[in-house]
Amino acid sequence: MTRRIDAYSLRLFVSTARAGSIVRGAALEHIAPSALSRRIADLEHAFGTALFVRSPRGIALTDAGRLVLERGQQIDNDLQSLVREVQIEGDEVRGTVRLYANMSAVIGFLPERLQAFMARYPRVQISLHEEDTRDVIRACLDDRADVGVGVEAPVPAGIDAWRFATDPLQVVLPAGHALAKRKAVGFAELLDHPLIGVHQGGALDRSLHERAQALQKKPFAPTVSVSSFDAVCRMVEAGLGIAVVPQSAAAAYAGSPRFVRRPLDEAWAARELHLYALRKTPRPRSVAALIDALRG
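The sequence shown begins at 158 in the working numbering and counts up one residue at a time.
These are computed hints drawn from the structure, not numbers from a lab. Where is the CB? At the ideal position from N, CA and C, for every residue including glycine. Among the hints, erroneous ones may be present.
[What the hints assert, rightly or not] Label pairs and their in silico Cβ distance ranges:
1. N234 - A273: 29 to 37 Å
2. K375 - K338: 19 to 27 Å
3. P439 - A378: 45 to 53 Å
4. T219 - G396: 53 to 61 Å
5. G315 - K375: 37 to 45 Å
6. R415 - T438: 50 to 58 Å
7. N234 - E287: 22 to 30 Å
[As the list claims (entries may be wrong)] Lysine-lysine pairs mimicking DSS-like chemistry, simulated, CA-CA at most 25 Å apart:
8. K374 - K340
9. K374 - K338
10. K340 - K375
11. K338 - K375
Could you build the full structure based on these sequences and the hints that come with them?
Right, here's the structure in full:
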């Protein structure tokens, strides 16, 4: 008798094989690693053979696993296409939109815009993922995201882009800092003071390192690095240093009298955020509606 193959378990297997790790696969699919392991074990039982070789160093595909991965990816793509085709049908805008966005968009712009959108389209669900801009664009290109929001960047063929918002860089300083009396602060001046970094390896962090290298003065070398903008502002508040953050984040977190916000006096500080989406005709109505609502 043919055993039942569960489509969701097949999707989990594909994600895990792509990620190369049960833990990373579980994180991608928002499921506990133990639950994902059970799903894969059930799938192996259904096929009657092992799909992964497990060892202390991680997992590797068996020959059967490679075959299931190849066919499973196609099956999952077909199922996702079927879902989107069905969502196009009917007059009502409904369905789930996969939205990937960078940190500053999630903090500074999306909450109110998404609230207005969902009030207008109550049958649409938004699956929001926070990622670095390059990962946002990659997710759109791989068709893992229906809509992306990130810093303006060159995009590969097949990706559409629209303006979303202006989000210039600002300098956040303690109120009593020597540079707080300035109306604007140049980047070179910042390098002479203790700095707070954010999201090491992210788009903003990489950009600041590159700008410092171009000056050939001092490296961009934060004394403290944290993973979020609210943590950056807390470090500034405590007097540990100064930071360069997007205006959206500065407005959201640096609101107490102990902070001073100043424009970063550089042409490259005038950042634009863009919307990104894989070029499709037609788009699901829910996706097209969200793009129209978010376009600046």
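Hint check:
no., hint, in the structure
1, N234 - A273: 29 to 37 Å, "32 Å, holds"
2, K375 - K338: 19 to 27 Å, "22 Å, holds"
3, P439 - A378: 45 to 53 Å, "50 Å, holds"
4, T219 - G396: 53 to 61 Å, "56 Å, holds"
5, G315 - K375: 37 to 45 Å, "41 Å, holds"
6, R415 - T438: 50 to 58 Å, "52 Å, holds"
7, N234 - E287: 22 to 30 Å, "25 Å, holds"
8, K374 - K340, "23 Å, holds"
9, K374 - K338, "23 Å, holds"
10, K340 - K375, "23 Å, holds"
11, K338 - K375, "23 Å, holds"
In summary, the structure agrees with every hint in the numbered list given earlier.
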